[in-house]
Amino acid sequence: MAEMEGLRVLSESEIAEIHEAALAVLAECGVFVDSPRALEHLAAKGATVDSATGRVRIPPALVEGALGGCPSWFTLYDRDGGEAFRVGGREVHFATGSCAIRYQEGREVRPSLAEDLVRLAVVTDALPQVEVQSTAVVAGEAPKTLADTYRLYLVLKHSPKPVITGAFSEKGLFDMRALLDAATGGRTGEAPCAIFDVCPSPPLKWTAISAANVMDAAAARLPVEFVSMPMPGAASPVTLAGSVVVHTAETLSGIVLAQTVRRGAPVVWGGAPVGFDMRYGTTPLSAVEATLIAVATAQMGKHYGLPTHTYAALSDAKVLDAQAGAETALSGALAALARINLIAGVGALDFVGTQSSEKLVLDAEVCGMIQRALRGVEVSPETLARDLITELGPGGDYLSQKHTRGHFRSETCVPGLVIDRLDRKGWEGKGGLDASARAKERVAAILADHRPRALEPERAGKLDAAMRRVMADAGCGSLPFVGEG
Amino acid sequence: MEDDLKSLHEAVLVADEDAALKETRRLLEAGADPRTILETGLAAAMFELGQRWNRGEAFLPEVVAAADVFRLCGELVEPALAARGEKQARHLMVIGTVKGDLHDLGKNIVAALLRTAGFEVRDLGKDVPAERFVEAVRELRPKILGLSALLTTTMLEQKTVIEALAGAGLRPAVKVIVGGAPVTAQWAREIGADAYAANAPQAIEVALGLVGGAASGGGGGGVGG
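These protein sequences, in sequence, are chains D and A.
With the first letter of the first sequence counted as 1, position 113 gets the number 113 in this note's numbering; the numbers rise by one all the way through.
With the first letter of the second sequence counted as 1, position 188 gets the number 1188 in this note's numbering; the numbers rise by one all the way through.
I should point out that these hints are in silico values taken from the structure, not numbers from a laboratory.
Each hint should be verified, as a subset may be incorrect.
Stated by the list, open to error - Residues of chain A clear of chain D, computed beta-carbon distances all greater than 12 Å:
hint	residue
1	S1007
2	V1014
3	L1028
4	E1039
5	A1083
6	A1112
7	A1168
8	A1195
Claimed, not checked - Capping the alpha-carbon separation at 20 Å, the derived lysine to aspartate or glutamate pairs in DMTMM-like fashion look like this:
hint	chain 1	residue 1	chain 2	residue 2
9	D	K144	A	E1163
10	A	K1159	A	D1194
11	D	K144	A	E1190
12	A	K1099	D	E108
13	A	K1022	A	D1068
14	D	K440	D	E115
15	A	K1159	D	E141
16	D	K402	D	E382
17	A	K1006	A	E1062
18	A	K1175	A	E1135
19	A	K1006	A	D1068
20	A	K1022	A	E1002
21	A	K1022	A	E1057
22	D	K318	D	E108
23	A	K1099	D	E170
Stated by the list, open to error - Computed Cβ-Cβ distance ranges for the label pairs, DEER-style:
hint	chain 1	residue 1	chain 2	residue 2	range
24	A	G1209	D	G432	43 to 51 Å
25	A	G1056	D	G186	51 to 59 Å
26	A	A1168	D	T75	51 to 59 Å
27	D	T239	A	A1083	43 to 51 Å
28	A	R1084	D	A43	49 to 57 Å
29	D	P59	A	A1083	40 to 48 Å
30	D	R110	A	L1140	22 to 30 Å
Glycine is no exception: its CB is placed at the ideal position from the N, C-alpha and C atoms.
Work out the full structure: start from the sequences and follow the hints.
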């Protein structure tokens, strides 16, 4: 089988030009860092820091040195210590979108609650095509000060799958680490089951919280995923190449911050490129230019030998309609063909502001098809089946052959019932449902039948205790799903 | 004179800063009524652009640039108005992105569109501490204060600003609108804001609603009508 070439939109010399431009931006213009602690640290490590203005200029040697310290892959584990997969190389894995504030069922949209995040965790757990869950929605019941920790609590409690998450405050990261330690039996450092998204503020700025999160996560060996968000024509140049330069410069500055705190700390070259609609001022993540930027930035990340991530396989549509399917499949397929290691966004609608379990089950089918496409066409004497073809001759019946029975499962992606492949009569007999109606049925079936592997009782008790400590700190008496002491 | 006003109108529409400033100066030197320049030349152009934007015919880079030209020309007209004992009759809105938050794009769009809707806008910028909002409300006496926050981490600061206004005894003096990606109507209620806007067009609608439907305060009264 030919190794399927990755999709490339930049030539080697163009990659070199972007790299040079980004280094020049970092050296001449620099980034703004709103954190005295990070400024002091970066100054000590060789950056030129103007503490009055918060501007940090980073010499090329410091960038190259930091890049040299980054691992090119790391192993992600599940909550219970089992190896999930390697993040890096040519592997592609899908994850749910991770920053929604609304939950949607059918056309009904509401501010998300704890029960919605639990639903998403259970549904994700049931979908083998979605290998990573995320703290997909905020739970409206939680006070803002512990909303990040509570999200993580809920997903750790309800599915063993590895998690993409993020902290909302400096303290949040430590509270979340305490939860991870409780759930994994103290193995957070050597067997990470959570990746922390940290976002620079485009263009070229780091808030105090983001800068602190990078430093603290790196120190604790928690994998950091830099999610730079170029926004062509608004927060980065309107030209796609210019946006890639801003993304590269922002991400490199994050890598310098992480690697100078702890050399070898696992990092992911991530991103959430968006379009900027010049009519409405909205930021469509499914704009085709955003996907092109994702492919280009991933090429930069791969050039640096780093694991890569992007937001894709999602939609800006408001309901589960044709637009939702088209955007999800197009951006998901392009990102996967570019061999971006982590593709986050499945289940998301409305500029990642909304998560839907119904969309999630439909997207899982898309992910399955994409994974099958990536496997390509295997060619061997066994798959060529020359002898079989000759033996059966013209008019041969392959259905009854052992060769067919032996290979059909591995050769074919058999979609679930959300994807309709009945004949018309059969489809009509099943009620003539469209994809969104079938997705609704599938979600109901999963929620009725699927029981994720439970957290081992002793660790569950420790996780509850850790959550209750964070709640007590915040003066919060009780929250849904948090067991009594 | 009519032609000059038309050229000014055109210049603002296409955001030709040099031409618009030149026309404004020429009109002032020729002794044109500053209120006519402001309303027939400048504000009408912004209104028209706002209409075009609503119809999907104008694009944000054009609106933002025109709003900037409008502001600069307005500053030229202001002294002439003041010399006649008048002030801009438009409602004043103070707007800013809260402390800790470095995102000001959404806020800038809202400010530009507010200008197309006829508001006078004082933009305090980004990363604005609560005290500065309080100070601005005390000194400028705006009708409306707009607080933007893009991050889950910074939306708490909207509450801090509202509490600081209350602490300074200024809360009843101003209507507070909150907005930004993570902000919800429920959050607005929780923190005691007067209104919530989900996006820029809604911010304009809500702001107009808070001042009774028209951004011009009627008559030639003080700032904010």
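To see whether the hints hold, each was checked on the structure:
1. S1007: Correct as stated: the minimum Cβ-Cβ distance to chain D is 26 Å, above 12 Å.
2. V1014: holds, 16 Å
3. L1028: holds, 34 Å
4. E1039: At roughly 27 Å from the nearest Cβ of chain D, E1039 (chain A) sits farther out than 12 Å, so the non-interface label holds.
5. A1083: For A1083 (chain A), whose nearest Cβ neighbour in chain D is about 38 Å away, the distance exceeds 12 Å, so it holds.
6. A1112: Violated, because the least Cβ-Cβ distance between A1112 (chain A) and chain D comes to about 9 Å, which does not exceed 12 Å.
7. A1168: About 24 Å separates A1168 (chain A) from the closest Cβ of chain D, which puts it past 12 Å; holds.
8. A1195: At about 17 Å from chain D, A1195 (chain A) clears the 12 Å cut-off, so the statement holds.
9. D:K144 - A:E1163: Roughly 17 Å separates the two Cα atoms, so the pair holds.
10. A:K1159 - A:D1194: holds, 12 Å
11. D:K144 - A:E1190: Distance ~12 Å between K144 (chain D) and E1190 (chain A) Cα, so the pair holds.
12. A:K1099 - D:E108: The given pair, whose Cα atoms are some 34 Å apart, is violated under the 20 Å limit.
13. A:K1022 - A:D1068: Holds: K1022 (chain A) and D1068 (chain A) sit about 15 Å apart, inside 20 Å.
14. D:K440 - D:E115: holds, 17 Å
15. A:K1159 - D:E141: Measuring from Cα to Cα gives roughly 17 Å; hence the hint holds.
16. D:K402 - D:E382: Measuring from Cα to Cα gives roughly 12 Å; hence the hint holds.
17. A:K1006 - A:E1062: holds, 19 Å
18. A:K1175 - A:E1135: Distance of about 15 Å is within 20 Å: holds.
19. A:K1006 - A:D1068: Holds: K1006 (chain A) and D1068 (chain A) sit about 19 Å apart, inside 20 Å.
20. A:K1022 - A:E1002: Holds, at roughly 16 Å.
21. A:K1022 - A:E1057: violated, 27 Å
22. D:K318 - D:E108: holds, 10 Å
23. A:K1099 - D:E170: The given pair, whose Cα atoms are some 16 Å apart, holds under the 20 Å limit.
24. A:G1209 - D:G432: 43 to 51 Å: holds, 45 Å
25. A:G1056 - D:G186: 51 to 59 Å: The hint (51 to 59 Å, Cβ to Cβ) holds, given that G1056 (chain A) and G186 (chain D) are roughly 57 Å apart.
26. A:A1168 - D:T75: 51 to 59 Å: holds, 55 Å
27. D:T239 - A:A1083: 43 to 51 Å: holds, 47 Å
28. A:R1084 - D:A43: 49 to 57 Å: holds, 55 Å
29. D:P59 - A:A1083: 40 to 48 Å: Because 55 Å falls outside the window, the suggested range is violated.
30. D:R110 - A:L1140: 22 to 30 Å: Because 38 Å falls outside the window, the suggested range is violated.
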